[in-house]
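Let's have the full structure, built from the sequences with the hints guiding it.
1 is the number of the first residue of the sequence shown in full-length UniProt numbering; add one for each residue after it.
There could be a bad hint or two in this list.
[Claimed, not checked] Just the calculated beta-carbon pair ranges, DEER-fashion: (1) Q73 with V18: 13 to 21 Å; (2) K33 with L61: 15 to 23 Å; (3) V24 with N70: 23 to 31 Å; (4) D81 with E26: 15 to 23 Å; (5) D81 with P43: 15 to 23 Å; (6) M1 with A85: 30 to 38 Å; (7) D40 with A85: 29 to 37 Å.
To be clear, the hints were calculated from the coordinates, so they are not data collected in a lab.
Cβ atoms here follow ideal geometry from the backbone N, Cα and C, with glycine treated the same way.
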Amino acid sequence: MRIDKYLKVSRLIKRRTVAKDVCVGEKISINGKVAKPSADVKPGDRITLEFANRVIEVQVLSTPNSIKANEAQTLYELIRDERKAES
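Written out as structure tokens, the structure reads:
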């Protein structure tokens, strides 16, 4: 599954277009490598999302095409959720 679609399905990012923009801005990495929107994600991969004031790292558990909103957190395991120090 494409990373932009996975981020939307897993509800880590609300919209696929926003997920695509974040990938283009080089704020998403898969297993330590910067990811393009079309990069494939599979179970076992580690995704790191860098926002302005927060870093989230998750491990992919499954990649279904769709899922109910209340079950979205079952698609990944949260590894790290840190707030960046304000400058």
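Cross-check of the supplied hints:
Checked against the hint of 13 to 21 Å, the pair Q73 and V18 passes, with Cβ atoms roughly 19 Å apart. Restraint check, K33 to L61: a C-beta distance of roughly 20 Å satisfies the suggested window 15 to 23 Å. Roughly 30 Å separates the CB atoms of V24 and N70, a value that falls within the hinted 23 to 31 Å. Checked against the given bound of 15 to 23 Å, the beta carbons of D81 and E26, roughly 20 Å apart, stay inside it.
As the Cβ distance of D81 to P43 is approximately 20 Å, the hint placing it in 15 to 23 Å holds. A C-beta distance of roughly 34 Å is found between M1 and A85, which places it inside the suggested range of 30 to 38 Å. As the Cβ distance of D40 to A85 is approximately 33 Å, the hint placing it in 29 to 37 Å holds.
Comparing the model with each numbered hint stated earlier shows that all of them hold.
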